[in-house]
Amino acid sequence: MELTQTSASDLAAKLAGREVSSREVVDAHLDRIAATDGVVAEGDVWSARPAADEGGDDIRAYLAVTATSARQQADEVDARRVAGEELGPLAGVPLALKDVLTMRGAPTTCGSRMLEGWDPPYDATVTAALREAGVVVLGKTNMDEFAMGSSTENSAFGDTRNPWDLDRVPGGSSGGSAAAVAGGLAPLAIGTDTGGSIRQPAALCGVVGAKPTYGTVSRYGLVAFASSLDQAGPFARDVADAAALQALIQGHDPRDSTSVPREAPDLQATLRDGVQGMRIGVVRELQGEGYEPGVEAVFAQALDRLASMGAEIVEVSLPHAPYGLPAYYLIAPSEASSNLARFDGVRYGLRVDAPTAEEMNAATRAAGFGPEVKRRIMIGTHALSSGYFDAYYLQASKVRTLIARDFADAYGQVDALVSPTSPTVAFGLGDKADDPLAMYLNDVATVPASLAGTPAMSVPAGLAPAPDAPDRQLPVGLQIMAPLSRDDVMYRVAWAFEQETGFVPSPTGPRALAATTQEVAR
Amino acid sequence: MSESLLPDGWELVVGLEVHVELQTNTKMWCGCSTEFGDEPNTNVCPVCTGQPGALPVANEQAIEDATLLGLSLNGGVAEVCRFHRKNYFYPDLAKNYQISQYDVPLIHDGYLDVDVPSGAGRGSEEGEGGSVETRRVRIERLHMEEDTGKSLHVGDTGRLHGADRSLIDYNRCGIPLLEVVSRPDIHDPETAQAYLRELQGIVRATGVSDARMEEGSIRCDANVSVRRHGEELGTRTEIKNLNSVRSLGRAVRYEARRQVEVLEDGGTIRMETRHWDESKGVTETLRVKESVTDYRYFPDPDLVEVVSSPAKVEAIRSRVPELPAAARTRLREQGVPAEQAAAVVGSGSLPTFDAALAAGADPVAAGNWLAGDVAGQLTAAELDLEDSGFTGDHLAELLGLIDDGTLSTKLAKQVLAGVIQARGAKGPTEVADEQGLKQVSDEGELRTIVDQVVADNEGTVADIRGGNDKAIGALVGQVMKATKGQADPRKTNELLREAIEN
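Residue numbers (the numbering used here), protein chains in the order written: chain W, 1 to 522; chain F, 523 to 1024.
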């Protein structure tokens, strides 16, 4: 099997058995990136081709490819292995890092002109943990600007395409990371999820993506969109790989006050225990109107499978879940309006000169931020303004508390909850770009768990026809949710489900993975 | 002040906002040093320069220090409080929001009792017999926040307006600040000054800051308004750039009179921030607050709640030191005159005083020296007591040398100067020995000199015998000259009279 189609755990086994070197694995991925991702493969750090050059059949998952440092790091891991050093479980395995996490040695742009060319002076805690574990970072992936969006079309550096169909979006905001994993450009990736930014692109790209319990993975070095919601998590092609990656990056960080001050759950111990005897709740409010029939059909099939594996399926209600989306679209922009205030042209990033500091701030922000970021800053600024605070921010915070209570009540009855991850399959590039409300509806099923801080992930559940092209089969994700700090339960359900579906995500895009679509019944 | 501050019928209303820089080793949200005066932008890191992705972690020591000061100001401690973001754009505010507190401050409802001359602020009958009265100024709240960086405006006046360009030093950015907000309970400049002075003393006693106005480790803004007696509060102005206790008094006086003049001329007071110009002695408009600035406060999602359990609060309360008012009372009870007691406590000399007493010094003498010559010589040498090397043991030793007649007061002052000059590396005895400063009180030795002086000055002696008693001073002078000032003056007098009468 080609190295770029091998799972992380299989690669790790080959590396441990010295069947292959990390350098060979990294080179294979760099070759594939150079061939299919639309980068200028020159210099130490390869950059994405300018947005004006887009078109063609490139995936455009990466904004920057740290080719030289990746090769060096691979060589180091290989040398340590040859020297007989004890290495971590994923040492030498390559990974793609969302461009919202800082890493020394490459720019961190957050998909924004505002930070174009900014070389961060420090590593995010996640980045440091990956380095420490010997995981090789191949590069930084494209994203909606400052993680605001559900299609990756809001990137200032052009869009990323879905490897299943290059005319469609990969989802967002972690679209670059999802597309990299789906497209064989990295076996693993890190994304961040504020209202669904890992889970929704995972669903649309047919890969596994998990948002851990809020506070499980450090936010230090994650450029904040909405601090009370942001959480980094793994992308992988199977559940075991995702669990292994989360295990590497989770844990208390004294640099992040909101980091959970307890040991993170052991994700491996019960991973393969199955769902026999578990009670799994179907969320009444997260289905029906707005969900594509194809998505609903795959979801129904998923429930049958879980039942056939011995899980008891019960319907539960999260009565306040329908208010999740409006609450989310007040809280997240409110925090963003403050978090993004630091981009003022004074210390780093873009500066547009003007006679006074105030005019310079305004000119810089006018030029540096894209329309969606400006929209959210304005919404958030308004929601926090005196006279509106109580009606908007405060009210939304109350809804948030109610939703968290709904989840707590539900978990009094069931071990885990399930829903479709996204109401739709991947939509066409540009289809929703001019309709913010339609775009926001992508998050309808994912924001409740974000507001509650509970863990949630998406696993591939099957294929459904695109409504606009019925002969085009596209991936559908199953969202699996679990109680606070019970990420282990979430992975356990996901692993069992994955075994039962036997779904091997193999995109069919022209220059994506060569293999044909496979849906292997067990 | 002999004349009344304001015309009859007018009342001054002042509230003070005092910012205290807490002198923790590290900043409020990161591990950077808080050292004052380092090279610009050397005590900085991703957190305090607001780099993307950096996160704050609250400094526990700062919270404890703030609690200690709050308890020392008789305040209550919130069991649970949190940090809010105060959003506004300014280049020296790295994140363009200041982490502060909003609806629930760490400390609420304290007060400070201050001594002012009796009748201060009540017109011309003030200062009745030099007595003092105690006034209570309520404190609304103490809340924690972070300091900003410092802008340096290059060119023209050094102020923002007209500057060619601005440089920013972020060393100060993120240093923990405690804002102490008084209620508008102050009605005269003397009370305002006494409040600030007393607060400074309490801050120093608790050790949370050196409270140096000139270095900005304590800063004071005054909210000033006037009203006719019995009327609603008038529109206030906020006075900034008060660099000393004296400026506070001057600025409040100026501003009160200005406001009354404006109002009596039929004008209105604008809500504005005014800048105190020390050299011109006036306040000038800095910026007009056309509307209330909307800071869009909301809870900082990067930080968790601050929980102060009763046990924790009591543990901190047990660390509240002897405060200035109690220290002054104690010194007075030990016989130190009130003014000197205030000087010793106010100058931060109390530890030296206590050490001297522990080493056997007499409290009255110790108080007298610390408030007098020690303070005077240090001021002349531009030194702080703690930097001077002069200790309580030195003081006790010096007083001992006076007591046993080794040194006259005059010689003791010279010895003190010597000890200070050596920065305490040499003690009083050593300095006296080295410089040969020792009072001549040996009768035999002194009598020989006296006899010689009497023999050499027959005319003067005759004068004295003739009734001009004052002329003896000249002879004392001669003896002093002959002994290089080391003769015991009392003994010299005694022996001279003896010799003249014989």
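It should be emphasised that the hints constitute simulated quantities derived from the structure, not laboratory data.
Take these hints with a grain of salt, some might be off.
FRET-style restraints, in silico, Cβ to Cβ [said to hold, decoys possible]:
id	chain 1	residue 1	chain 2	residue 2	range
1	F	688	W	395	39 to 45 Å
2	W	251	F	946	51 to 57 Å
3	F	829	W	132	29 to 35 Å
4	W	374	F	815	18 to 24 Å
5	F	815	W	262	19 to 25 Å
6	F	815	W	371	39 to 45 Å
7	W	394	F	703	53 to 59 Å
8	F	829	W	436	38 to 44 Å
9	W	395	F	804	44 to 50 Å
10	F	631	W	262	34 to 40 Å
11	W	358	F	851	52 to 58 Å
12	W	371	F	688	28 to 34 Å
13	F	901	W	132	53 to 59 Å
A few chain F positions that, by computed beta-carbon distances, are all more than 12 Å from chain W [claimed, not checked]:
id	residue
14	578
15	609
16	630
17	824
18	847
Just so it is clear, the structure is predicted and the values come from calculations on it, not from any experiment.
We put the beta carbon where it would ideally sit given N, CA and C, even for glycine.
Going down the list of hints, with the structure as the test:
no. : hint                      : verdict
1   : F:688 x W:395: 39 to 45 Å : holds, 41 Å
2   : W:251 x F:946: 51 to 57 Å : holds, 52 Å
3   : F:829 x W:132: 29 to 35 Å : holds, 33 Å
4   : W:374 x F:815: 18 to 24 Å : holds, 22 Å
5   : F:815 x W:262: 19 to 25 Å : violated, 41 Å
6   : F:815 x W:371: 39 to 45 Å : violated, 28 Å
7   : W:394 x F:703: 53 to 59 Å : violated, 25 Å
8   : F:829 x W:436: 38 to 44 Å : holds, 40 Å
9   : W:395 x F:804: 44 to 50 Å : holds, 48 Å
10  : F:631 x W:262: 34 to 40 Å : holds, 36 Å
11  : W:358 x F:851: 52 to 58 Å : holds, 53 Å
12  : W:371 x F:688: 28 to 34 Å : holds, 31 Å
13  : F:901 x W:132: 53 to 59 Å : holds, 58 Å
14  : 578                       : violated, 7 Å
15  : 609                       : violated, 5 Å
16  : 630                       : holds, 22 Å
17  : 824                       : violated, 5 Å
18  : 847                       : holds, 38 Å
Consistency note: the structure conflicts with the earlier hints numbered 5, 6, 7, 14, 15 and 17.
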